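Colleague: In the numbering used here, the protein residues as written are 18 to 243.
Just so you know, these hints were derived from the structure itself, not from any lab.
Computed from a prediction, not measured in an experiment: that's the story for all the values here.
C-beta: ideal position from N, C-alpha, C; glycine also.
Please note that the accuracy of each hint is not assured.
Below, a list of computed lysine to aspartate or glutamate pairs in the EDC-like style, where the Cα atoms sit at most 20 angstroms apart [to be verified]:
#1 Lys210 x Glu185
#2 Lys158 x Asp122
#3 Lys158 x Glu147
#4 Lys158 x Glu120
#5 Lys72 x Glu195
#6 Lys51 x Asp100
#7 Lys47 x Asp100
#8 Lys158 x Glu241
#9 Lys51 x Asp93
#10 Lys155 x Glu120
#11 Lys219 x Asp184
#12 Lys219 x Glu185
#13 Lys158 x Asp100
#14 Lys155 x Asp108
#15 Lys72 x Asp100
#16 Lys156 x Glu241
#17 Lys47 x Asp124
#18 Lys51 x Glu121
Now the in silico label distances, taken between C-beta atoms and shown as ranges [unchecked claim]:
#19 Ala80 x Arg154: 33 to 41 angstroms
#20 Val171 x Arg200: 25 to 33 angstroms
#21 Glu202 x Trp243: 43 to 51 angstroms
#22 Trp243 x Gly201: 41 to 49 angstroms
#23 Arg61 x Glu241: 23 to 31 angstroms
#24 Pro207 x Trp243: 35 to 43 angstroms
#25 Ser236 x Thr68: 31 to 39 angstroms
#26 Leu170 x Asp122: 28 to 36 angstroms
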Amino acid sequence: MSECRRVVSIGGHNLDAELLGGPLLIKYAKQGAKVTCANTVMGRLEGAGCTAQEKEAYLVQVAEEAVRAAAVLGGDTLWLGYDGSSMPDLDAFADRLERWFTEEDVDLVITHWRGSMHPRHIATHDAVTEAVRRMRRKKSKIRLMYGLTFEDLVGFVPQAYVILSEDEARQWIDALSEYAIFRGEINSFPYAKYYPMNLQIKQIESGSDGPTACYMYASLIENELW
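Could you build all of it, start to finish, from the sequences and the hints given here?
Modeller: Below you can see the structure in the form of structure tokens.
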């Protein structure tokens with residue numbers, strides 16, 4: 018793996034950053050990099066039967082889950098401070114991200130692929146991609162990759178396969194399991210079955226010899242040849 022000292026994974030809402038970048042964050046953290054899971058909005062409890070008190074309690078819960086999950090991955094967490102009703106426009110969002118990436122001297126960013134069923138995933142993709150493109154035009158060496166979630170499958174074609182050790186695969190699932198939603202306590206999607214199974218599917222697909230995650234490369238200006 019290339020040397021990266023600062024790596025961030027940015028998701029639309031809690032659990033996304035850990036799903037998208039978790040495997041790479043584990044590997045880079047082991048090499049000594051500072052790694053962060055950043056989420057655009059805080060995960061919310063939805064449903065007609067949910068009381069205001071239950072919704073407030075869930076916001077506290079999910080913030081605590083984010084801290085624990087990031088720690089298992091070897092890093093920290095950041096909520097970008099938005100909610101569904103306060104999402105900034107593209108330029109403002111990209112401006113903020115560019116400043117943060119520059120201040121933190123970020124080497125690698127992982128975020129959503131654009132082919133998503135979720136509007137906040139698309140907004141996050143667009144802002145992250147725009148911020149990185151601006152930096153590349155300024156000769157930055159920052160890199161960008163797109164991770165995989167079940168909500169972002171339209172047009173997603175794996176271009177990079179990353180083999181995990183059995184310990185790394187368990188570490189990733191342990192981190193994800195800090196979230197009640199991953200454990201099946203919030204909605205009915207079988208997260209805890211889908212993502213471990215996907216590691217096996219990508220192992221078969223790639224012909225690798227261990228649990229395998231996959232990524233797409235962003236189309237960026239290359240400021241130097243390989």
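Colleague: Checking one constraint from the list: CA of lysine 158 to CA of aspartate 122, max 20 angstroms. Satisfied?
Modeller: With Cα atoms ~10 angstroms apart, lysine 158 and aspartate 122 stay inside 20 angstroms; holds.
Colleague: Quick check: does the Cβ-Cβ distance between tryptophan 243 and glycine 201 fall within 41 to 49 angstroms?
Modeller: holds, 44 angstroms
Colleague: For a C-alpha distance cap of 20 angstroms, please report whether lysine 210 and glutamate 185 respect it.
Modeller: With a Cα-Cα distance of about 17 angstroms, the restraint between lysine 210 and glutamate 185 holds, given a limit of 20 angstroms.
Colleague: With a cut-off of 20 angstroms on the C-alpha distance, tell me whether lysine 47 and aspartate 124 pass.
Modeller: Holds: lysine 47 and aspartate 124 sit about 16 angstroms apart, inside 20 angstroms.
Colleague: Assess, step by step, whether the Cα of lysine 51 is no farther than 20 angstroms from the Cα of aspartate 100, and give holds or violated.
Modeller: violated, 26 angstroms
Colleague: Does the hinted range 35 to 43 angstroms hold for proline 207 and tryptophan 243 at CB?
Modeller: holds, 40 angstroms
Colleague: Given the hint that lysine 155 pairs with glutamate 120, test it: the Cα-Cα distance must not exceed 20 angstroms.
Modeller: With Cα atoms ~15 angstroms apart, lysine 155 and glutamate 120 stay inside 20 angstroms; holds.
Colleague: Next pair to validate is lysine 51 with aspartate 93; report whether the Cα-Cα distance is within 20 angstroms.
Modeller: holds, 8 angstroms
Colleague: For the pair alanine 80 and arginine 154, does the Cβ-Cβ distance stay inside 33 to 41 angstroms?
Modeller: holds, 35 angstroms
Colleague: Does the Cβ pair leucine 170, aspartate 122 satisfy 28 to 36 angstroms?
Modeller: Given range 28 to 36 angstroms: holds, Cβ gap about 33 angstroms.
Colleague: Quick check on a hinted range of 23 to 31 angstroms for arginine 61 and glutamate 241, using CB atoms only.
Modeller: violated, 43 angstroms
Colleague: Do the Cβ positions of valine 171 and arginine 200 conform to the proposed distance bound of 25 to 33 angstroms?
Modeller: holds, 27 angstroms
In summary, the numbered hints that this structure violates are 6, 7, 13, 23 and 25.
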